[in-house]
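Residue-level listing of the chains:
Number of protein chains: 2
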Amino acid sequence: MECDRKDAKKLLEQQNAKIRERMSKIKHKIAILSGKGGVGKSTVTANLAVGLSLLNKKVGVLDGDIHGPNIPKILGANGEPMVAGDAILPIEVSGIKTISISYLLPDEATPVIWRGPRVSGAIRQFLADVAWGELDYLLIDTPPGTGDVQLTIMQSIPNIDGAIIVTTPDEISLLDVKKSISMCKMLNIPIIGIIENMSGFVCPYCNKEIDIFGKGAGEKIAKELGLRFLGRIPLDAKAREAQEKGKPMVLIDCRAGEAFKEIVNKIVEIVENK
Amino acid sequence: MECDRKDAKKLLEQQNAKIRERMSKIKHKIAILSGKGGVGKSTVTANLAVGLSLLNKKVGVLDGDIHGPNIPKILGANGEPMVAGDAILPIEVSGIKTISISYLLPDEATPVIWRGPRVSGAIRQFLADVAWGELDYLLIDTPPGTGDVQLTIMQSIPNIDGAIIVTTPDEISLLDVKKSISMCKMLNIPIIGIIENMSGFVCPYCNKEIDIFGKGAGEKIAKELGLRFLGRIPLDAKAREAQEKGKPMVLIDCRAGEAFKEIVNKIVEIVENK
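Protein chains in written order, with my numbering: chain A, 238 to 511; chain B, 238 to 511.
Source of the hints: derived by calculation from the structure; they are not laboratory data. Hints are not guaranteed to be accurate.
If several chains are the same, the list does not tell them apart, and a pair holds so long as it fits within one copy or across any two.
To be verified - No farther apart than 30 Å at their CA atoms in a straight line, the calculated lysine-lysine pairs in the DSSO-like style are these:
1. K475 - K264
2. K262 - K452
3. K484 - K445
4. K460 - K246
5. K445 - K262
6. K460 - K482
7. K475 - K422
8. K247 - K452
9. K295 - K460
Based on the sequences and whatever the hints tell you, model everything.
Here you go:
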């Protein structure tokens with residue numbers, strides 16, 4: 238048993254060394270977090286990636302949601318990653334390098350019925366083995382919660398720039414979002430700022446604005462906790478429809494697209510002028 | 238080591254015996270599932286519980302979302318559960334017995350930064366130690382995904398009646414929902430039916446119906462996979478607002494409330510006439 242434990246420790250250290258090597262070639266590493274599901278973490282991650290790429294940044298996206306991997310669908314990416322030696326080659330779409338467990342599944346309906354340790358193992362393998370090469374930005378999408386994946390990402394990536402927190406404008410969402418913010422503080426992960434998604438909706442018939450999920454809670458919590466507010470993304474039925482067809486809304490002439498562009502500029506300013 | 242392992246096995250068997258004993262007093266045990274977060278699992282769970290209670294059923298709700306426990310807020314419940322011997326007494330609100338990790342946290346912002354095995358341990362403790370007494374229904378709310386919690390619930394509860402699957406009407410949500418359905422099939426858990434939440438929205442100014450998240454995907458997937466469609470819950474800004482104040486929408490005179498009542502009747506018919 239003693240011997241097994243020594244071997245395990247050695248393997249872990251070897252993997253850590255590989256992660257350090259891979260991550261040292263990436264200038265900025267940002268996790269997209271939210272305690273709550275369905276607030277649009279994957280939508281935000283994908284659109285920030287495309288927005289950064291429009292500014293000629295070299296961008297990678299690691300889909301850290303093993304149970305609900307949606308990044309490929311939102312970016313319109315598919316294929317099977319090639320393996321060369323001990324390196325996994327990411328799938329490229331419009332110049333953005335991506336990795337997701339969904340590339341490795343036989344079809345969309347196949348669930349990944351894994352307990353925590355295997356999920357963490359997959360994330361660590363993505364960090365150690367994916368050949369990103371040199372990147373300006375690696376965005377890491379995460380599942381809801383404050384458990385295995387979030388811990389593994391925060392503890393495994395050296396020199397992570399910080400986290401972007403996504404929330405919807407309603408009070409119940411804020412409950413869970415506060416937990417993510419506390420987690421970052423406990424683990425000394427800087428918070429780059431808060432994005433409020435699904436904020437306000439304009440009726441396409443009468444043009445009146447309706448607050449379906451409320452409004453302003455993201456800005457309120459940012460003020461309360463002394464955090465930066467990066468901006469709000471309006472709910473936009475047309476933008477969502479386009480996105481379902483694999484066209485990220487930042488590429489479409491719409492209010493949500495404009496909002497994303499402004500947020501991307503802010504992030505670049507914050508992260509690159511540290 | 239060998240000795241430790243034997244002890245662990247014995248403890249596990251003792252806990253299983255306690256779970257069997259507690260669950261034998263509960264007529265119907267239903268898990269609320271959805272691969273995706275933010276589709277309204279907790280909202281659906283809470284409103285089904287209140288709806289069943291309106292039919293004079295004795296109802297309990299187990300909040301299985303350890304990282305994002307929202308059941309108490311939606312039901313307007315709070316307090317600290319009393320412990321009597323090795324039994325935890327559930328917190329009662331309007332006649333519904335509830336347990337949630339949130340009752341055990343010092344405040345709303347405190348995150349539960351636990352890896353999978355501890356999360357599963359908490360769920361098993363809720364199943365073994367909460368003194369529900371005799372119930373007609375135990376509804377089990379779950380977090381997003383197909384991992385630890387879902388596995389623990391499906392493997393630990395004897396004679397579970399089945400799962401209710403919640404989805405929103407958009408295609409990306411369906412991606413993850415299909416994974417939950419596949420998981421149930423692999424583990425031989427019957428699917429009671431599918432509920433489509435956030436389905437259609439009526440503009441409060443011009444009264445036109447707008448499909449913010451699309452419409453009909455829940456019914457489509459039910460047909461495709463030969464599953465029962467239980468109904469759709471419309472998006473309703475007023476109902477959501479009331480709910481944020483701790484008043485479940487099934488108690489309010491609104492379209493969402495009516496929809497919940499119809500769905501509750503269907504569930505009773507299906508489950509009690511098996």
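Each hint tested on the structure:
1. Proximity of K475 to K264 under the C-alpha cut-off of 30 Å is found in neither arrangement, the shortest distances being 35 Å within a copy and 46 Å between copies.
2. For a Cα distance limit of 30 Å, the shortest separation of K262 from K452 qualifies neither inside one copy, at 40 Å, nor across copies, at 45 Å.
3. For a Cα distance limit of 30 Å, the shortest separation of K484 from K445 qualifies both inside one copy, at 27 Å, and across copies, at 27 Å.
4. In this assembly of identical chains, K460 and K246 lie within 30 Å of each other by CA distance neither inside one copy nor across copies; the values are 44 Å within and 51 Å between.
5. In this assembly of identical chains, the alpha carbons of K445 and K262 never lie at most 30 Å apart, being 48 Å within a copy and 53 Å across copies at closest.
6. For the homomeric pair K460 and K482, the shortest alpha-carbon distance between copies (23 Å) is at most 30 Å, but the shortest distance inside one copy (36 Å) is not.
7. In this assembly of identical chains, the alpha carbons of K475 and K422 never lie at most 30 Å apart, being 37 Å within a copy and 35 Å across copies at closest.
8. When the C-alpha separation of K247 and K452 is checked against a cutoff of 30 Å, the pair qualifies neither within a copy, at 51 Å, nor between copies, at 53 Å.
9. With identical chains, the CA atoms of K295 and K460 are never at most 30 Å apart, being 32 Å at best within one copy and 44 Å at best between copies.
Consistency with the previously given hints fails for numbers 1, 2, 4, 5, 7, 8, 9, ordered from lowest to highest.
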